[in-house]
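With these hints in hand, go ahead and build the complete structure from the sequences.
Residue numbers (my numbering), protein chains in the order written: chain L, 194 to 541; chain G, 336 to 424; chain X, 13 to 409.
Calculated directly from the structure, the hints in this document are not laboratory data. Quick caveat: nothing in here was measured; it's all calculated off a predicted structure. Do not take every clue at face value.
Subject to a maximum C-alpha distance of 27 angstroms in a straight line, what follows is the list of computed DSS-like cross-link-like pairs (lysine-lysine) [stated by the list, open to error]:
no., chain 1, residue 1, chain 2, residue 2
1, L, 425, X, 155
2, L, 441, X, 188
3, X, 289, L, 317
4, G, 397, X, 220
5, X, 188, X, 388
6, L, 374, X, 81
7, L, 263, X, 289
8, X, 136, L, 374
9, L, 263, L, 317
10, X, 188, L, 406
11, L, 374, X, 155
12, X, 188, L, 413
13, X, 220, G, 402
14, L, 431, X, 155
15, L, 431, X, 188
16, X, 321, L, 317
17, L, 425, X, 158
18, L, 433, X, 188
19, X, 220, G, 406
20, L, 431, X, 158
21, X, 289, X, 15
22, L, 433, X, 158
Just some of the chain X residues that point at chain L, by a computed CB distance under 7 angstroms [what the hints assert, rightly or not]:
no., residue
23, 158
24, 168
25, 205
Ideal placement from N, C-alpha and C gives every residue a C-beta, glycine not left out.
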Amino acid sequence: MYIIDLSCISAQETYTGAIFEEGVKLHTERQYWAVEPKYKGMVPLNLLRRMSKSVRMGVGTGIPLIDRYKDIEGIIIGSANGSIKKSISFLNQIVEYNEGTLTPTDFVQSTSNSIAGTLALMGKITGYNNTHVNNGIAFESAILDALLLFEEGEYNRLLLGGVEEISQANYNVDVLRGMFKEEEVDSTQLLHADSPGTVSGEGAALFVVDAEKSDASIAKIVDVAQICHADKEAIIEKAKQFLARNHKQVDDIDALFLGLNGDNRTDYYYNHLQETLFPHQGVYVYKNLVADYYTVSSFAVWMAANLFQGKTMPPETIWKEVPDTINTVLIYNHYEGTQHGFILMERP
Amino acid sequence: MEAVELKEKLKQQIIDYLNLIDVEPADLQDDSPLFGPDGDLGLDSIDSVELLVLLEREYDLKITDPKEGRKVLTDVNSMVQYIIDNNKA
Amino acid sequence: MTKVLVTGMGIISAIGNNVAENRSSLQKGQTGIGRGELLDSRYVEVFPFGEVSTSTAALMESAGLAGEKGMTRTDILATVAMQEALEMADLTAAQISSSETAFISASTVGGMSMTNELYRDGNKIGEPSDYLSSYICGAHTLKLAKRYNMSGVSTTFNTACSSSANSIMFGAKLIKSGRAKRAIVGGSDGLAKFTVNGFNALRILSPKPCTPFDRDRSGLTLGEGAAFLILESEELVGDKPVYGEVTGYGNSNDAFHPSSISDDAIGIVASISQALKTANLDPSQIDYINAHGTGTENNDISEVVGIQKVFGGLPPFQSTKPYTGHTLAAAGSVEAVFCLLAMQHRELYPSLNFTNPIEGHNAIPIPQYQSDCDIKHVLSNSFGFGGNCSSLILSKV
Chain L
194 MYIIDLSCIS
204 AQETYTGAIF
214 EEGVKLHTER
224 QYWAVEPKYK
234 GMVPLNLLRR
244 MSKSVRMGVG
254 TGIPLIDRYK
264 DIEGIIIGSA
274 NGSIKKSISF
284 LNQIVEYNEG
294 TLTPTDFVQS
304 TSNSIAGTLA
314 LMGKITGYNN
324 THVNNGIAFE
334 SAILDALLLF
344 EEGEYNRLLL
354 GGVEEISQAN
364 YNVDVLRGMF
374 KEEEVDSTQL
384 LHADSPGTVS
394 GEGAALFVVD
404 AEKSDASIAK
414 IVDVAQICHA
424 DKEAIIEKAK
434 QFLARNHKQV
444 DDIDALFLGL
454 NGDNRTDYYY
464 NHLQETLFPH
474 QGVYVYKNLV
484 ADYYTVSSFA
494 VWMAANLFQG
504 KTMPPETIWK
514 EVPDTINTVL
524 IYNHYEGTQH
534 GFILMERP
Chain G
336 MEAVELKEKL
346 KQQIIDYLNL
356 IDVEPADLQD
366 DSPLFGPDGD
376 LGLDSIDSVE
386 LLVLLEREYD
396 LKITDPKEGR
406 KVLTDVNSMV
416 QYIIDNNKA
Chain X
13 MTKVLVTGMG
23 IISAIGNNVA
33 ENRSSLQKGQ
43 TGIGRGELLD
53 SRYVEVFPFG
63 EVSTSTAALM
73 ESAGLAGEKG
83 MTRTDILATV
93 AMQEALEMAD
103 LTAAQISSSE
113 TAFISASTVG
123 GMSMTNELYR
133 DGNKIGEPSD
143 YLSSYICGAH
153 TLKLAKRYNM
163 SGVSTTFNTA
173 CSSSANSIMF
183 GAKLIKSGRA
193 KRAIVGGSDG
203 LAKFTVNGFN
213 ALRILSPKPC
223 TPFDRDRSGL
233 TLGEGAAFLI
243 LESEELVGDK
253 PVYGEVTGYG
263 NSNDAFHPSS
273 ISDDAIGIVA
283 SISQALKTAN
293 LDPSQIDYIN
303 AHGTGTENND
313 ISEVVGIQKV
323 FGGLPPFQST
333 KPYTGHTLAA
343 AGSVEAVFCL
353 LAMQHRELYP
363 SLNFTNPIEG
373 HNAIPIPQYQ
383 SDCDIKHVLS
393 NSFGFGGNCS
403 SLILSKV
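What follows is the structure, encoded as structure tokens:
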């Protein structure tokens, strides 16, 4: 399928595109908060007042796209946590008021599908609507869903996206799980820090995707694959099968987008894949820009699409020297070394 | 508390509970319908539940009959009157 | 294009811990709704619930998982239902872990049923609990994928009450596209203080067991459960017993309001119509409708309107939620199991808790048990918050 337009809110100036002119922002904390646009004027205040951050970000990226392309027929979103802050807020009410009379808004907004639901509501899009919540491959699942829908032949244009928000409570749970760095490390040091853990991010990347190629096509999402609970050799095998299934040789890949996140317990997957199978290819990284979250591979897709559009990637994203001409990229990302996703993209 | 003071306080609470953006107490008319086609705040059924929660949490007034609830939530005046009538001002 | 055949089912709900028990309750018109004995909530004094009568510990014991840490109610319900489905379909370990076997599940509450633990962990109070990796919606899917060494496509849906209908749809699509040859599809939701309080805050819980499609209906009754279907492509099935075929599916969005359906039932009409289209069936060929029928004022009238718009009249229909309560994410797959049972055994089950039809509509659910029914095609509806409408058509093979 073909990306014809895209929008991204992240911890960088991606919404305005200023990242490509002004360069990347340095982050020094362990939470990379998203840079949000001004929503007033874009979203009726009556709806805005109820929205969770993930719904706001989904709407902030999605509604301008829906307005621009009146024939978007369906919406597919990947978001592992959905509006988790609203969930926690409702949960806190339950405990603090001992299940007394509670306010319903937080509950209604807390369901993971409120992003796709709100976009449908505001855009009056009555077609296919789904939300995937499968942790670190939620966005890859959303891509697969879109590919299947196009294969069936009933749809021509969809809105596809990955969204995630940080909530303090969730961050706390993940800290207890050992997800994040204990020491202070800034974004320039993150991927070199030889220690466990990474940093926490949030964002939304939405894409208008078409079944058919056209002059408006910016990038092609060729295929997607995933595997869970695999060792590093199984990842090599999976990558090979994935390429073979798409009639690609290793040398057809010009560059990799790797989800290195500075966690020395699991970054070896990336290094092993790159050294074993793709020793000659260039490598881009991105989690030093936007940190890690369940649907962060959507940011990688956003970057790759910008690359195909001719944008110059910030130097901080170049992990290994990249060629001048890039026509085909492989995005490989994993979450905690447990869920692994591959996305194959090429110039249309 | 005097009715005037109560009205001001209630208006701010309505704004807080409903998370109304860019609305000040002065913007809320005393007798403008809160709900329905003539209401200009665009409130819906979920908001009506929120306002009933407001009455219970802030004024210890629990309304369980939906018909009574609709009457009490007609406008700011009716809410204020209900609070006063039940000696919760 | 290959047919998608059902070769196994597994279910646990308020009316039974397995397929046979569920069927028996349906035949006898025996509800599972009553006072919540296991649920930790003050609302057990106020509302009835469709609770699975076995404790989490006992379920874990019988599943051979006694003592395993971090298992939530959602996790264990899913595990029990999965075990039954896999056994019924007679799948080997190699087949389950094959890269051609997809695993598609659904949940709305995930591990948030561990309300007190999440509150403490989330606010950094006391020692971390065993549930840190169990809270998220996709937790049970990941755990089961690990338990069974699964290597195929996997995802978890959360589209509120239509979630597991989407699981079934997605599994069928994967098989038709050739990306999987087999799919384990369904969903699970445990009763949780979180959902009880959420629905109560919206004031749509009924103080008495739900009365879908009744003139005097007063809201929904929450339940819990899990159900999985084993879908296999025709070429894999061989001589195995087949319980039905997934022939049609539709997914649309009502785009009207976050938590209610439009009076015109736009989303409902669209999802049903699409399901009929993919099944290549005329409305007149549907022999039975398992409605979403929650018992809320809004859903039931909208659903009647929607069905009438597509069908002209009303084929034999009912909601089975008076048996199980509303099992949220599991509803789609739980009710698909009931549809398959009806088809397989050529029977229709009595509708419970119905007295008077909605004013102005002669919409009367199936009154009593009927045997010897020729049921060739059934429609199952599931509609969720966020306007998500999903419909499935299952057909006799």
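Taking the hints in turn, this is what the structure says about them:
no. : hint          : in the structure
1   : 425/L - 155/X : holds (20 angstroms)
2   : 441/L - 188/X : holds (24 angstroms)
3   : 289/X - 317/L : holds (23 angstroms)
4   : 397/G - 220/X : holds (21 angstroms)
5   : 188/X - 388/X : holds (21 angstroms)
6   : 374/L - 81/X  : holds (26 angstroms)
7   : 263/L - 289/X : holds (25 angstroms)
8   : 136/X - 374/L : holds (17 angstroms)
9   : 263/L - 317/L : holds (10 angstroms)
10  : 188/X - 406/L : holds (24 angstroms)
11  : 374/L - 155/X : holds (25 angstroms)
12  : 188/X - 413/L : holds (23 angstroms)
13  : 220/X - 402/G : holds (20 angstroms)
14  : 431/L - 155/X : holds (21 angstroms)
15  : 431/L - 188/X : holds (22 angstroms)
16  : 321/X - 317/L : holds (21 angstroms)
17  : 425/L - 158/X : holds (16 angstroms)
18  : 433/L - 188/X : holds (24 angstroms)
19  : 220/X - 406/G : holds (26 angstroms)
20  : 431/L - 158/X : holds (17 angstroms)
21  : 289/X - 15/X  : holds (16 angstroms)
22  : 433/L - 158/X : holds (23 angstroms)
23  : 158           : holds (5 angstroms)
24  : 168           : holds (4 angstroms)
25  : 205           : holds (6 angstroms)
Violated hints for the displayed structure: none, as all numbered hints are satisfied.
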